[in-house]
Each structure stands twice: as structure tokens, then as C-alpha cells.
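Participant: When the sequence shown is numbered by the numbering used here, its final residue is 100 and no position is left out of the sequence of numbers.
Just so you know, these hints were derived from the structure itself, not from any lab. Quick caveat, the model's predicted, so the values are computed rather than measured. Cβ coordinates follow ideal geometry from the N, Cα and C atoms, glycine included. Please note: incorrect hints may appear among the correct ones.
Said to hold, decoys possible - Below 25 Å or equal to it, Euclidean Cα-Cα: the simulated SDA-like pairs (lysine to any residue) are:
hint : residue 1 : residue 2
1    : 5         : 15
2    : 5         : 53
3    : 5         : 30
4    : 5         : 43
5    : 5         : 36
6    : 5         : 57
7    : 5         : 65
Claimed, not checked - Distance windows between CB atoms, simulated:
hint : residue 1 : residue 2 : range
8    : 54        : 22        : 30 to 36 Å
9    : 24        : 64        : 30 to 36 Å
10   : 36        : 70        : 16 to 22 Å
11   : 55        : 20        : 18 to 24 Å
12   : 15        : 61        : 19 to 25 Å
13   : 34        : 3         : 15 to 21 Å
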Amino acid sequence: MADRKTKESKLMALMVNDLGPGFGEREMARLEREVRSLSDTELDGTLAGRLDLPHPINEEALERALSHVEDLSMSNRESFTGAPDMSHEPRPEERRDPGK
């Protein structure tokens, strides 16, 4: 049976994967706080929902599904800059007034 720390880590990995790159330190800290504040039942239910597992939660099925979720590895953490994602900002040439 997966321990709570493993379940929290896997849920965070799923969420970061969904949200994409460019997570800042503040966002990562907020995400971690939110995941840690979940009760055991909420954590299991959230994981089951994210992994499309049927209710009631079967611990063995949850364990198998979690084994396929890639943790936030060191390579992912090394690429984590702590800077906000600015990729959505227009380039300098796109900021000019289009009427000029």
C-alpha cells in the first residue's frame, strides 16, 4: 500500500503535468500546501478521480495506477527555475500599436 507521502507526490506530479511548465516557486508552494491539506479520504478520492478509477476505491487498483505516474524527478526539478512563466507575453514586435 502506498504511503501518504507517495500519494501526495504522485498527485502533485499529475497536477504539474496538467498545468505545464513555468511554475513559479509561489505556485509550487501553494500546490504543495493544498495537496498536504487534503484528508486521507480526499487524497485517495482525488487520485482515483484523476486516474479514472471506479468508486469505491480499490487499494490494489490505486497502487497499480500510481506505479505508472512519474514522480517529479530531479530532472524536472532542475528545469524548475522558480521564475514565472512569461511565454504567454507578446514579443516586443507584437507589442507595437498595430495601426502604425
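Participant: Each hint needs a verdict: does it hold in this structure or not?
Facilitator: Hints and how they fare:
Taken as a hint, the residue 5 and residue 15 pair is honoured in the structure, with Cα atoms around 15 Å apart against an allowance of 25 Å. Restraint check: the Cα-Cα separation between residue 5 and residue 53 comes to about 20 Å, which is no more than 25 Å; the hinted pair holds. Annotation: proposed proximity of residue 5 to residue 30 holds, straight-line Cα distance about 17 Å (limit 25 Å). Restraint check: the Cα-Cα separation between residue 5 and residue 43 comes to about 11 Å, which is no more than 25 Å; the hinted pair holds.
Restraint check for residue 5 and residue 36: the C-alpha separation of about 9 Å stays at or below 25 Å, so the hint holds. As the CA atoms of residue 5 and residue 57 are separated by approximately 18 Å, the hinted pair is consistent with the 25 Å bound. Distance restraint check for residue 5 and residue 65: the Cα-Cα separation of roughly 16 Å lies within the 25 Å cut-off, and the hinted pair is therefore satisfied. The hinted range of 30 to 36 Å is satisfied by residue 54 and residue 22, whose Cβ atoms lie roughly 34 Å apart.
In this structure the hint that residue 24 and residue 64 lie 30 to 36 Å apart at CB holds, the actual value being about 33 Å. Checked against the hint of 16 to 22 Å, the pair residue 36 and residue 70 passes, with Cβ atoms roughly 20 Å apart. Range check, residue 55 to residue 20: Cβ separation about 29 Å, and the 18 to 24 Å hint is violated. The beta-carbon spacing between residue 15 and residue 61, approximately 20 Å, falls within the hinted interval of 19 to 25 Å.
A hinted range of 15 to 21 Å holds for the C-beta pair residue 34 and residue 3, which are about 19 Å apart.
Going down the numbered hints, you'll see the structure goes against just number 11.
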